[in-house]
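J.: Below, each chain spelled out in residue letters.
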Amino acid sequence: MKKSFTVLALSFLLAGSLNAAGNDHRTMLMKDMRTMLDAMEEIQRGGLYSSTEDMKSGIKKLQSTLKTLESEEIKFILPKDQVYAYKFAQKSAHMLRLYSDDMIVSIDAGRMDEALEDYTQLLKQCTSCHIRIRNW
Amino acid sequence: MDRRNFLKVVAASATVMAVSPSMIRGNLYAADGTLFKAYDKVQLVDAAGKPIKASALAKEVTYIFNYPHASTPCMLINLPKGTSKEVELASENGEKYVWKSGVGKERSIVAYVAICTHQMTHPTPNDSFITYVPTTKKTMAYDKGGVIVCSSHLSAFDAGAGAKVLGGAATQPLNSVVLEHAADDTLWAVGILGSDKFQDYFKSFRPELKEFYGGPAEAKKLVSISAKTVKLTEYSKEIIQY
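Here the protein sequences line up with chains A and B, keeping their order. Read in order, the letters of the first sequence are residues 1 to 136 in the UniProt record's numbering. Read in order, the letters of the second sequence are residues 1 to 242 in the UniProt record's numbering.
Any given hint could be a false lead.
[Said to hold, decoys possible] Derived pair list, reagent style BS3-like, types lysine-lysine, alpha-carbon separation capped at 30 angstroms:
(1) A:Lys75 - B:Lys237
(2) B:Lys210 - B:Lys221
(3) B:Lys231 - A:Lys87
(4) A:Lys75 - B:Lys221
(5) B:Lys210 - B:Lys144
(6) B:Lys85 - B:Lys53
(7) A:Lys75 - A:Lys60
(8) B:Lys220 - A:Lys80
(9) B:Lys137 - A:Lys67
(10) A:Lys87 - B:Lys37
(11) B:Lys37 - B:Lys221
(12) B:Lys210 - A:Lys56
(13) B:Lys105 - B:Lys137
(14) A:Lys67 - B:Lys210
(15) B:Lys53 - A:Lys87
[Unchecked claim] If you want the ones that stay clear, here's a sample from chain A, every Cβ over 10 angstroms from chain B, calculated:
(16) Asp24
(17) Thr52
(18) Phe76
(19) Lys91
(20) Gln121
(21) Leu123
(22) Ser128
[Unchecked claim] Covered stretches of chain A, going by a simulated chain B footprint (3 or more residues, C-beta under 8 angstroms):
(23) 36-44
(24) 56-64
(25) 95-103
Everything labelled a hint here was simulated from the structure, so no lab data went into it. The beta carbon of each residue, even a glycine, is placed where N, CA and C say it ideally should be.
Just chain A, with the same shape it has in the complex:
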């Protein structure tokens, strides 16, 4: 009997901690998504006010959020019915990194039309992923 209670208690503890971990991941994602939104706004503001500092600061902020999306942790973050599509989310994150890296190169080279094209592509990656993962 005592053994059964111990097993039951341990199961509850394990389930609780897994649930907590899931919530932690989801909280982290929500935080990251808010940061991404801020980052995109900052890049856009920089582009519209001709401030390369703002653009670069936005890129830095954006790239700080990509680690989670690029990793296997993404599986714990996605909505349950979309976990299978984690490779798509990882690809989106990879493309965000590619375009944001290119944006820095374009800004440094003074090719602002290419930098703003990179911004367009960043936005497209965001919406593409939201259309898929959030079932728009």
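Mind docking chain B on chain A? Use the hints.
T.: Showing chain B alone in chain A's frame:
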């Protein structure tokens, strides 16, 4: 030239062009909006440079070759049965055009530009979210296999009917590669049918093309003489199919 001879010349020219599209160079717009663009006639060869023989193509396997540009991937598939004939298709702008049929002994060999017409998902050396799904396999994009699926946003295209859209977000068929099957069983790409998005592709994927091809000029370079054709599993490290 009298009227009778003139008509004979016109009829003979039309026959030559219908039988061998590679005789045409440049854009061809018919009165109904049909769009066909001829490029260099290019032979499909394997990784060792040996000509691909139509009869040696495995059934329901996706092969990839780059055409008409060095960076624009196309898929070659030998379908399990002959394709439909004279399929009427429409571009997203409403231009109508006709896809004639597959080639080869059984009319089962088809080739399409492997750039999804929705958001231009395409195979890269790293991964591919677009592939042909064999008849025995399942997909979330359509109720049965035997279709081309873009797993980015789950668009499905009819592989045996000019890549007509069967489902998903895509609004026009994949572009077709016009193939010629020669008497010695070799395969040749001669042009592209449909409203292509190559310029958008070059613009949108500039950083990626730089990474894989060295720069925009190299990526846009037109393929000539031959196109290396390999299985998708050899072209991309990972294939993602939902």
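J.: Against the structure shown, which of the earlier numbered hints fail to hold, in ascending order?
T.: 4, 5, 8, 9, 10, 15, 19, 20, 22, 23, 24
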